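Engineer: Produce the entire structure from the sequences given, and follow the hints as far as they go.
Chain by chain, the residues run as shown.
Number of protein chains: 2
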Amino acid sequence: MIASQVSASNTVSLTAIAQKTRQAAQQLAGLTAADKNRAIAAIAQSLETAAAEIIAANQADCEAALADNLAKPLYGRLKLDTDKLKGAIAGVRSVAQLPDPVGQVQIHRQLDDGLILKRLTCPLGVLGVIFESRPDAVMQISSLAVKSGNGVILKGGREAVLSCQALVKAIRQGLTNAGINPAAVQLLTTREETQALLALEGYVDLIIPRGSNAFVRYVQENTRIPVLGHAEGICHLYVDQAADLDQAVNIAVDAKTDYPSACNTIETLLVHRAIAPGFLPLVAPALQARQVELRGDTAARQWLPQIQPTDEADWSTEYSDLILAIRVVDSLTAAIAHINTYGSRHTEAIVTQDEAAAAQFIAQVNAAGVFHNCSTRFADGFRYGLGAEVGISTQQMPPRGPVGLEGLVTYKYQVVGDGHIASAYAGENSKPFTHRDLT
Amino acid sequence: MIASQVSASNTVSLTAIAQKTRQAAQQLAGLTAADKNRAIAAIAQSLETAAAEIIAANQADCEAALADNLAKPLYGRLKLDTDKLKGAIAGVRSVAQLPDPVGQVQIHRQLDDGLILKRLTCPLGVLGVIFESRPDAVMQISSLAVKSGNGVILKGGREAVLSCQALVKAIRQGLTNAGINPAAVQLLTTREETQALLALEGYVDLIIPRGSNAFVRYVQENTRIPVLGHAEGICHLYVDQAADLDQAVNIAVDAKTDYPSACNTIETLLVHRAIAPGFLPLVAPALQARQVELRGDTAARQWLPQIQPTDEADWSTEYSDLILAIRVVDSLTAAIAHINTYGSRHTEAIVTQDEAAAAQFIAQVNAAGVFHNCSTRFADGFRYGLGAEVGISTQQMPPRGPVGLEGLVTYKYQVVGDGHIASAYAGENSKPFTHRDLT
Numbered sequence: 008m009i010a011s012q013v014s015a016s017n018t019v020s021l022t023a024i025a026q027k028t029r030q031a032a033q034q035l036a037g038l039t040a041a042d043k044n045r046a047i048a049a050i051a052q053s054l055e056t057a058a059a060e061i062i063a064a065n066q067a068d069c070e071a072a073l074a075d076n077l078a079k080p081l082y083g084r085l086k087l088d089t090d091k092l093k094g095a096i097a098g099v100r101s102v103a104q105l106p107d108p109v110g111q112v113q114i115h116r117q118l119d120d121g122l123i124l125k126r127l128t129c130p131l132g133v134l135g136v137i138f139e140s141r142p143d144a145v146m147q148i149s150s151l152a153v154k155s156g157n158g159v160i161l162k163g164g165r166e167a168v169l170s171c172q173a174l175v176k177a178i179r180q181g182l183t184n185a186g187i188n189p190a191a192v193q194l195l196t197t198r199e200e201t202q203a204l205l206a207l208e209g210y211v212d213l214i215i216p217r218g219s220n221a222f223v224r225y226v227q228e229n230t231r232i233p234v235l236g237h238a239e240g241i242c243h244l245y246v247d248q249a250a251d252l253d254q255a256v257n258i259a260v261d262a263k264t265d266y267p268s269a270c271n272t273i274e275t276l277l278v279h280r281a282i283a284p285g286f287l288p289l290v291a292p293a294l295q296a297r298q299v300e301l302r303g304d305t306a307a308r309q310w311l312p313q314i315q316p317t318d319e320a321d322w323s324t325e326y327s328d329l330i331l332a333i334r335v336v337d338s339l340t341a342a343i344a345h346i347n348t349y350g351s352r353h354t355e356a357i358v359t360q361d362e363a364a365a366a367q368f369i370a371q372v373n374a375a376g377v378f379h380n381c382s383t384r385f386a387d388g389f390r391y392g393l394g395a396e397v398g399i400s401t402q403q404m405p406p407r408g409p410v411g412l413e414g415l416v417t418y419k420y421q422v423v424g425d426g427h428i429a430s431a432y433a434g435e436n437s438k439p440f441t442h443r444d445l446t
Numbered sequence: 008m009i010a011s012q013v014s015a016s017n018t019v020s021l022t023a024i025a026q027k028t029r030q031a032a033q034q035l036a037g038l039t040a041a042d043k044n045r046a047i048a049a050i051a052q053s054l055e056t057a058a059a060e061i062i063a064a065n066q067a068d069c070e071a072a073l074a075d076n077l078a079k080p081l082y083g084r085l086k087l088d089t090d091k092l093k094g095a096i097a098g099v100r101s102v103a104q105l106p107d108p109v110g111q112v113q114i115h116r117q118l119d120d121g122l123i124l125k126r127l128t129c130p131l132g133v134l135g136v137i138f139e140s141r142p143d144a145v146m147q148i149s150s151l152a153v154k155s156g157n158g159v160i161l162k163g164g165r166e167a168v169l170s171c172q173a174l175v176k177a178i179r180q181g182l183t184n185a186g187i188n189p190a191a192v193q194l195l196t197t198r199e200e201t202q203a204l205l206a207l208e209g210y211v212d213l214i215i216p217r218g219s220n221a222f223v224r225y226v227q228e229n230t231r232i233p234v235l236g237h238a239e240g241i242c243h244l245y246v247d248q249a250a251d252l253d254q255a256v257n258i259a260v261d262a263k264t265d266y267p268s269a270c271n272t273i274e275t276l277l278v279h280r281a282i283a284p285g286f287l288p289l290v291a292p293a294l295q296a297r298q299v300e301l302r303g304d305t306a307a308r309q310w311l312p313q314i315q316p317t318d319e320a321d322w323s324t325e326y327s328d329l330i331l332a333i334r335v336v337d338s339l340t341a342a343i344a345h346i347n348t349y350g351s352r353h354t355e356a357i358v359t360q361d362e363a364a365a366a367q368f369i370a371q372v373n374a375a376g377v378f379h380n381c382s383t384r385f386a387d388g389f390r391y392g393l394g395a396e397v398g399i400s401t402q403q404m405p406p407r408g409p410v411g412l413e414g415l416v417t418y419k420y421q422v423v424g425d426g427h428i429a430s431a432y433a434g435e436n437s438k439p440f441t442h443r444d445l446t
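These protein sequences, in sequence, are chains D and R.
Per the working numbering, the first sequence starts with residue 8, numbered consecutively.
Per the working numbering, the second sequence starts with residue 8, numbered consecutively.
The set of hints was computed from the structure by calculation and includes no laboratory data.
Here the structure is a predicted model, which is why all the values come from computation and not from measurement.
Errors might be hidden in some of the hints.
Note: identical chains are not told apart, hence a pair may lie in one copy or across any two.
Taking lysine-lysine and the DSBU-like style, the derived pairs with C-alpha atoms no more than 35 angstroms apart in a straight line are [as the list claims (entries may be wrong)]:
1. K125 x K91
2. K125 x K176
3. K79 x K93
4. K93 x K176
5. K79 x K125
6. K438 x K79
Structural biologist: Set out below in structure tokens:
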């Protein structure tokens, strides 16, 4: 009884916050690109002014984290020193350089004399962004929200609460200085509020979870609001019978070891049976020299008898670590079937000099990214030149793969007439539509 | 216990069907536009060959429906006579004329020397389409699925089962004649299979429900697969103080009476207080002459004392009938607030000669369509020139509004290199990305 009352009262208060955010976002939605860029500059300026306060708040968070014996990698992400803050503020300023995602004309068409259709991009409305310990995410996300004309409700990690409060205070001061309603950026701090945020269907238009796979999956399973985020990155490298062996070794080492915990890192190496005798004895020592633990199926262990055997679970495991499963396949078709069965539709690569094999792989593999003769590690918004990555999606529907600012906007159809009515275009003596695209 | 066994066995058998469909769809995905158009022509030809069989099957359905005392409008939709079948086959042929939605280059960019990124549209995979009594939907949907390179699992209404079976048999024969695996088009016939279809997350990529609002809402609430469809069309016409009165009367009559049960028909007329005394006595008789029942708030009834009063429920009701609620508002802002509170984000219109008011309305109203000085009835894929409408979406995220073939495709990022690895682009002596868009 008490629990449900608490939950109800949380929901009510978050609805009010979301409505305020939406109202403030309406002002942002109407701003020109120049106005939004000025607001971003004002945010950067305000963050600089508040630097000492922010660093002090972060130090308090860090001391509490030490006392709580926070795991070392989390502590590293929590820590915000002067250099990291400077870098993040430079990142805020760089968002002003990106092209405005709002107001882009996607369709401009005459339907009839004096009846004009336009499809124009517009902001989504209110974003809900839930992230873990990194307080610098607050700055990046807020500036991307302003640039795309959206309000944003931020929920940071419990261990970063003082840092997030200091950052959001400075960001809101920056908005105020630029003449913008600071309610466009909101901060939540409790776990109960995360639950309430996920329930705000109709008030929040997109949820962006940033964190572990388990967390993203939890969010996906507990909201009816669209979610931008991928729960898993089970990526494969397939070395075809017509591969250049040196190229294949280099790509395998890069795709596994460049950043083992990244989602675009490979978990499984598929090798064509015809090339396995030549390739496996080359690639294994190169990977082992980088401390990669190899596991193999029966056929792979014929050539690499010293490695551990794989079992069925290996094919669906994202190790996020220096472990690689190796499977020998009989054909390109078998490789594609393995990938379409076990892959998470993130990024998949083939190494081959055979253009027809590459074309078949690219056509038939179902993934956001399909790569030929290069490392899966290129699957990234920055590397794609999208400007800034707001998330990576492994959904089938767009937006898919690394998503830039484009993922934070939607569109509206605008039709302008001069008293045009639809009944004139039906029945006897009906007027025809012209459907002429305008430049 | 038995129920869960039945359900489990249904799920299993549908998974097998979905996998077969996906496999067949892979062939479709690789076809050229010319091949797909030939397949569509073969389908049309096969439907013509089977016309007598289809009409006979439909007659049997119609006789059973009469015996079951099926409601008259449903019976009308079920009935497939020679003319209607000819028209539907012409519709199939017209799909071949549409531009190919697959293989469109959205991004073509050099990332570095010899490292090329392309973003190309590709089929979604497998569509699940659930429709009510109209058997002609089978032909339209199947041809759109083939054109977009997708497999499709169709679930028709129980009352149309013989018609659907005859149609799908002919369509599959057409695919076979064109050398295409007929498993790309599947038909389900029982209600239990609808449940099982909605549970096929990971096997079916998009659900398109066609039917009543209640049905679409049921589908949305009972699947985790993306749904293309709108549950409600609560559309408004706002007559501003600076409206041309004759234009406003014409548009109001068209937007309410052209097709009262359509989703883009208005349910509420909002009138600026300053123009109410002049406008209401003009528009009321024009609407009443078309048998529209008017309801009004207190202010509207000052000028139209004979009409029934509205209550709060009227503002959120889709009448789908010749009923119109009238509310007098104090300002443009109040009109926008009413629409953003009660509207279903479908289509909203303003009549005004004041360009600034129109611009504010277009910017601040949150809907898939925002119209100025024309009827909401233009919100339609055919009228927009999208070629064929596969659904209308009132979601915030794209695809939004009337959706053409574009809504049946997604995209892949393709990166082709020559041994490129990511570690070369980081750290000391790192190579820079060129990010040069190619034409």
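Engineer: Tell me the numbers of any earlier hints that the structure contravenes, in ascending order.
Structural biologist: 2 and 5
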